[in-house]
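Participant: Here are the chains, one letter per residue:
Protein chains: 2
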Amino acid sequence: MKNILENDFINSIVGKFNRAPSQINKLHESDAEIIKLPGSDNYLAITTDSIAEEIQSKLYNDPYLIGWMIITINLSDLAAVCAEPMGLLLSEIIPPDTSSKFLNSLNEGINDACNYYNTFILGGDTNQGSNLILTATAVGKIRGEKVIMRKTCKPGDLLFISGKAGRGNAFALSRFVDKSVINYKPVARLKESQILKEFATCCMDTSDGLISTIDQISRLNNVGVEFIENWKNISDEDSKKLAEKLNFPLWLLLAGQHGEFELVFAIPENRADEFVKEANKQEWNPYKIGRITKQNSIKIKLYDRIIELDAAKIRNLFFEVNGNVKKYIDELLKIDSKIRHF
Amino acid sequence: MKNILENDFINSIVGKFNRAPSQINKLHESDAEIIKLPGSDNYLAITTDSIAEEIQSKLYNDPYLIGWMIITINLSDLAAVCAEPMGLLLSEIIPPDTSSKFLNSLNEGINDACNYYNTFILGGDTNQGSNLILTATAVGKIRGEKVIMRKTCKPGDLLFISGKAGRGNAFALSRFVDKSVINYKPVARLKESQILKEFATCCMDTSDGLISTIDQISRLNNVGVEFIENWKNISDEDSKKLAEKLNFPLWLLLAGQHGEFELVFAIPENRADEFVKEANKQEWNPYKIGRITKQNSIKIKLYDRIIELDAAKIRNLFFEVNGNVKKYIDELLKIDSKIRHF
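From first to last, the protein sequence lines are chains A and S. All the letters of the first sequence, read from the start, carry residue numbers 83 to 424 under my numbering. All the letters of the second sequence, read from the start, carry residue numbers 83 to 424 under my numbering.
What the hints contain is simulated information worked out from the structure, not anything from laboratory work. Certain hints may be false.
As the list claims (entries may be wrong) - Below, a sample of chain S positions facing chain A; criterion: calculated Cβ distance under 7 Å:
#1 ASN100
#2 SER122
#3 ASP131
#4 LEU171
#5 SER173
#6 PRO177
#7 ASN200
#8 LEU204
#9 ASP207
#10 THR208
#11 THR283
Stated by the list, open to error - With a cut-off of at most 27 Å between alpha-carbon atoms, the simulated DSS-like pairs for lysine-lysine come out as follows:
#12 LYS223/A x LYS108/S
#13 LYS228/S x LYS327/S
#14 LYS223/A x LYS246/S
To be verified - From the structure, some residues in chain A lie toward chain S, with a derived Cβ separation under 8 Å:
#15 GLY121
#16 ILE148
#17 GLY169
#18 SER187
#19 ASN189
#20 LEU214
#21 ILE215
Glycine included, C-beta positions come from ideal geometry on N, C-alpha and C.
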């Protein structure tokens, strides 16, 4: 299997540090770090995530959205390990010429998100700098002995997603290519994660888009995934409309790197009915994506044929074009063209 | 009392957010956030701190020092609440043209610091950006029911510092004014904090310099501080030499904003002997700074007179000159000149 450049980069930076003996997960194995709490049956979950490149590239230019997102992306990582949030720390780099109107709207987004998730800003740090950068750390607890990570799904397990996919990339496409802007306000699936906790054999959020998520799960578990035939059912409606309008291949909205922060998780087939029943009882409608396979490949039906996706190539593209959005879209379209005209 | 501009700024940014019911400290009341751990007698301590301005201003240009400091400044905040570290998360903004030599040295500083403190990098996040910015979050546990914060010292308590003061500002002065460079590699006082925990009525680190620390403690507790007459004994030797060489007032090395990450703490007078004995037994030599007073003022003997320092003016200077180092030093010298020629 080809390496993922971003993983290589992370390995080169943090891979040499010693790991804490109390830490349950290894590098890349979970969305949040999981630590055994001394003198307790519970675990601590902790994660940090910044918003920098999305602001620099002008993908995010609405301060309210930036505020909402810095909370949501971190809580989504807690959701992926089925932790309940205890609060967040916020570290802000603020350019000196930032208007108070902008700051108020940023704070409103942060505040609304905290209220929505019923959690709190515990503290933080503020510095001046030339570009706006937000970093948050979310801390949560995992009750009981069971820990859900990206690992331990098995061939035969069914793969689900917590909601419809593609909106993150549709939003990016609408911002950069179309004049319309698709409504984008993802929600961390904290409530849902407490339901799937009892059933799932692995879980990861789609912060980097659906196909990256599926590829990462496949690599870690040494398995593959076969998409269901009617995978278009898991694409959300606005994404479908935009793809149609722009004549953009719908599946590329699952392949791009800007995600929608849904959870992707596997459930043993013999527990799937019970899981869906339990989810529906709590007014949640998860979607089946496909099935975990022994073979290390991601298979999806495109243009009336079963295609084996080169997921490493797709995942490395954004890194290889140095984050140049126009080039990135062109390269994605080239991959589609090759598949289409095979 | 005049307001501290940096506190006002923090209040305007995070002051409007709701506080977590499980959080023990209010805003400004402790160096790290303290949260009651559910189903346990212990507390969780968590803190986040960035290094951004120090890199931008070129105060820190040695990658090893930057790596050492990002760990030390965060662990120092844990030390100030007498917590034992469980690990750190690291969030890095790295310019694309950073050399691997620079990165290796940065990582060496991080790694050496983690080894020195016997703690670990739990995980993190990496982004590209135009300027190098490091943010870390340290998480630790506080054993038992007793919590040490910046609050609850009383008039009559004796004020101590964990080691000699002034090296942080001496280092900055040597970097910006002198050609020599003073050795600067502060150590978070984690071990010492476990000794003082049994005695102290308040504690705070000198990350912003000694006088800022004393002023912050004074404000929060509605008290004042009287320095001991021979306060020069708490200035470290390199600082004294540099001040002499540059004919720079020694007391300004306690007033500047770049600290040495010692702990300042109060001990009830009737327990002070017992505390010092216990500290010495463990080969630690804390220094007496002065005494907590009822009156809201900071008094120090300068130029053969007892001076009441305008600590708010001193603390606001760096903010008022927008971080311009040359102006900052000039303004500090003006304050000294006024006192000297009164």
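Participant: Take the hints in turn and mark each one as holding or not.
Facilitator: We went through each hint and held it up to the structure:
1. Evaluation of the ASN100/S hint against chain A yields a held restraint, the C-beta minimum of about 6 Å falling below 7 Å.
2. Below 7 Å, beta-carbon pairs count as interface contacts, and SER122/S has one with chain A at about 5 Å; its hint therefore holds.
3. Below 7 Å, beta-carbon pairs count as interface contacts, and ASP131/S has one with chain A at about 5 Å; its hint therefore holds.
4. For LEU171/S, the suggested interface contact is upheld, since its CB lies about 4 Å from the closest CB of chain A, less than 7 Å.
5. For SER173/S, the interface hint holds, the least distance from its beta-carbon to any beta-carbon of chain A being 5 Å, beneath 7 Å.
6. Against a cut-off of 7 Å between C-beta atoms, the interface hint on PRO177/S is violated, since the closest Cβ of chain A lies about 11 Å away.
7. At about 10 Å, the closest approach between the beta carbon of ASN200/S and any beta carbon in chain A exceeds 7 Å, and the interface hint on this residue is violated.
8. About 4 Å separates the beta-carbon of LEU204/S from the nearest beta-carbon of chain A, less than 7 Å, and the hint is met.
9. Hint on ASP207/S holds. Least Cβ distance to chain A is approximately 5 Å, under the 7 Å limit.
10. Checking THR208/S against chain A: minimum C-beta separation of about 6 Å stays under 7 Å; hint holds.
11. Annotation: interface hint on THR283/S violated; nearest CB of chain A at approximately 22 Å, more than 7 Å.
12. For the hint pairing LYS223/A with LYS108/S, the CA-to-CA distance comes to about 22 Å; that is within 27 Å, so the pair holds.
13. Using a Cα cut-off of 27 Å, the hinted pair LYS228/S and LYS327/S is violated, with the two alpha carbons roughly 46 Å apart.
14. Distance hint between LYS223/A and LYS246/S is unfulfilled; the C-alpha atoms sit about 40 Å from each other, more than 27 Å.
15. Of the supplied interface hints, the one on GLY121/A holds, with its beta-carbon coming within about 6 Å of a beta-carbon of chain S, less than 8 Å.
16. At about 14 Å, the closest approach between the beta carbon of ILE148/A and any beta carbon in chain S exceeds 8 Å, and the interface hint on this residue is violated.
17. At about 5 Å, the closest approach between the beta carbon of GLY169/A and any beta carbon in chain S falls short of 8 Å, and the interface hint on this residue holds.
18. Against a cut-off of 8 Å between C-beta atoms, the interface hint on SER187/A is violated, since the closest Cβ of chain S lies about 13 Å away.
19. Annotation: interface hint on ASN189/A holds; nearest CB of chain S at approximately 6 Å, less than 8 Å.
20. Look at LEU214/A: its Cβ only gets to about 11 Å from chain S, farther than 8 Å, so that hint breaks.
21. Annotation: ILE215/A was flagged as interfacial toward chain S, and the flag holds, the nearest CB pair being 6 Å apart, inside 8 Å.
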